[in-house]
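With the hints as constraints, model all of the structure from the sequences given.
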Amino acid sequence: MASNEIIVQNLTKDYPRVRAVDDVSLTVKGDEIFGLLGPNGAGKTTTIRLLLTLIRPTSGRINVLGIDALSQPHKIRQVAGYVPQDVSVDGELTGYENILMYAKLYGLPRRGRREAIDGILDLLELRDRAHDLVRTYSGGMMRRLEIAQALVNRPKLLFLDEPSIGLDPGAKRVIWGLVRKLRAEFGTVVFVNTHDMNEADLLCDRIGILDRGRLVTVGSPAELKATVGGDVLSLDSRSPGFLEHLKALGYRPLAESPAGQAEILVTDGEHLIPHLLESLQARGVEVEGVALERPSLDDVFLKYTGARIEAGDSWKEARRTRRTFRRMVQ
Amino acid sequence: MSVRRYLQGVFTLAEFELRKIRHDTSQIWLRLVQPALWLIIFGTVFSQVRGISSGPLTYRQFMTPGILAQSVMFVAIFYGITVVWERDLGLLNKLLSTPVPRSAIVLGKALSAGVRGVFQAVAVLGIALIIRVRLSLDLQSVLGVFIIIILFGMCFASLSMSLAPIFRTRERMMGIGQAITMPLFFASNAIYPLSLMPGWLRAIAVVNPLSYVVDAMRALLVTGDFSSLGRDLLALLIATTAMIVLASLSFKKILS
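Protein sequence lines correspond, in order, to chains A and B. Just so we're aligned, residue 15 is where the first sequence starts under the numbering used here, counting upward by one. Just so we're aligned, residue 636 is where the second sequence starts under the numbering used here, counting upward by one.
Check each hint, because a few of them may be wrong.
[Claimed, not checked] Using 25 angstroms as the maximum straight-line C-alpha spacing, the simulated PhoX-like pairs for lysine-lysine come out as follows: (1) A:LYS239 - A:LYS43; (2) B:LYS888 - A:LYS89; (3) A:LYS239 - A:LYS170; (4) A:LYS43 - A:LYS195; (5) A:LYS43 - A:LYS170; (6) A:LYS89 - B:LYS887.
[To be verified] Stretch by stretch, here's where chain B covers chain A in the computed footprint (C-beta under 8 angstroms, at least three residues): (7) 91-100; (8) 111-124.
Bear in mind the hints are in silico, worked out from the structure with no lab data behind them. Cβ atoms here follow ideal geometry from the backbone N, Cα and C, with glycine treated the same way.
What follows is the structure, given as structure tokens:
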């Protein structure tokens with residue numbers, strides 16, 4: 015029986031001056047959206063390129079859907095879809111032609127080809143612009159077309175490298191919705207690279223954090239956030255003896271401010287707030303403001319890597335490339 | 636990977652190059668300026684000078700195949716820059732993620748350059764006809780010329796693709812393109828016969844594929860003397876095959 019998993023064992027890729035991927039082992043299950051989260055240069059793109067058999071590993075094993083990557087790379091390419099971080103559609107061709115070209119390169123039979131392409135264009139809501147040159151498309155449309163292009167061979171697994179980079183929030187949401195729809199309708203295994211915490215959190219079922227080529231932890235966003243500790247609840251109050259009452263209830267404030275503010279560490283803060291306010295009110299404490307701060311993936315990242323992900327120059331660079339591309343071909 | 640799938644990969648790349656030309660022909664017209672200057676100005680002046688013995692041919696008849704070959708050479712050598720540009724954008728990365736073999740991609744790109752070369756050649760021939768250069772344009776000659784142009788375009792596009800991994804940036808490729816094309820043009824029989832050359836230059840000219848291409852096209856379009864056509868085609872075929880093999884071998888490096 016064909017497996018529907020990606021199994022990576024002790025994967026390492028060395029370049030002359032740097033170890034880009036360092037002894038990574040992981041399993042991605044069928045119909046799961048798996049995200050690899052890490053800053054620029056962490057080795058995410060190298061990992062995708064290894065899985066796609068675009069480059070050969072220095073050591074380690076890769077098995078994709080039961081196919082061994084080292085001995086049968088072309089079989090993996092036939093069943094994989096790839097949306098690279100960079101531009102992958104040609105501005106000098108129409109949207110339809112960009113997909114048709116890949117339909118031919120993947121050897122789709124002539125019969126039913128047009129219907130298949132039209133179906134994909136419908137799915138990505140590009141049908142009405144299908145016969146316009148791609149250089150006239152917006153950034154979000156280009157990204158959708160790139161996803162359409164990656165779907166032409168009905169891939170069993172889809173690799174997305176920074177799918178929403180350089181897009182505005184609205185366009186990002188459209189892309190995420192599409193990816194979820196694909197998983198739901200076709201059971202596609204989705205492997206996403208991202209440096210965007212929000213994207214990792216909202217889109218992925220499970221996340222692996224990659225730091226300087228090493229996979230430091232894997233888990234669902236909720237599991238990972240739970241490892242950082244509970245929620246932080248900030249309370250504002252000018253009532254006399256506020257802090258004492260809080261302590262009497264069994265809470266230990268983390269930080270204090272002269273204005274009468276207390277931060278406490280709690281679990282399940284959302285459901286705790288009403289009870290806590292009731293208890294304080296019963297003791298005659300007037301609470302003026304409450305803020306709940308839940309741990310973010312950024313905190314998780316900080317815990318495991320000792321650094322925060324920052325949008326460095328290379329990301330600006332990538333966005334600039336896209337803009338330049340559009341400007342130059344228009 | 637069957638032969639059919641392999642060839643489908645090659646021809647698909649060429650087909651979509653054709654579609655690009657159909658969407659936008661401006662490149663062909665822009666690249667027509669230089670050959671037009673050679674034919675109209677250089678050709679006119681040197682016809683007056685009579686310094687170059689072109690035998691029974693008029694000087695313009697003599698030089699037209701040379702200018703034709705030159706313009707195809709430019710198209711092909713700068714096609715390597717397009718490949719670097721496609722790499723920079725990421726198009727190449729995407730192309731390599733398909734099951735199409737690397738060598739089919741190289742062959743497809745080379746053929747694309749050949750196809751562009753044919754369109755460029757048609758435009759240059761148009762100018763030659765407008766300024767009334769007498770050429771024999773029967774079906775066989777024209778088909779023969781097209782085949783030669785496709786092979787020659789593939790040869791130089793492959794050369795430039797094998798240089799791309801070495802020079803890497805578009806700017807350097809632009810420079811190297813000029814550093815290759817102009818010397819090869821002058822060290823060939825494109826605008827003066829080999830007999831006028833000093834020995835050392837003639838030694839270069841006889842290993843210059845451009846000389847054989849010009850000789851073959853001159854036979855087909857002007858002289859009708861096919862005695863050396865076989866030799867010319869063989870030389871072109873060897874050079875093209877060698878360049879395609881070289882480009883296929885170095886193509887892996889273009890991405891790293």
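Status of the hints after comparison with the structure:
1. A:LYS239 - A:LYS43: Holds, at roughly 21 angstroms.
2. B:LYS888 - A:LYS89: holds (23 angstroms)
3. A:LYS239 - A:LYS170: violated (30 angstroms)
4. A:LYS43 - A:LYS195: Measuring from Cα to Cα gives roughly 17 angstroms; hence the hint holds.
5. A:LYS43 - A:LYS170: holds (12 angstroms)
6. A:LYS89 - B:LYS887: With Cα atoms ~19 angstroms apart, LYS89 of chain A and LYS887 of chain B stay inside 25 angstroms; holds.
7. 91-100: With 7 residues close enough to chain B, the hint holds.
8. 111-124: holds (count 7)
In the structure shown, a violation is registered for the earlier hint numbered 3 alone.
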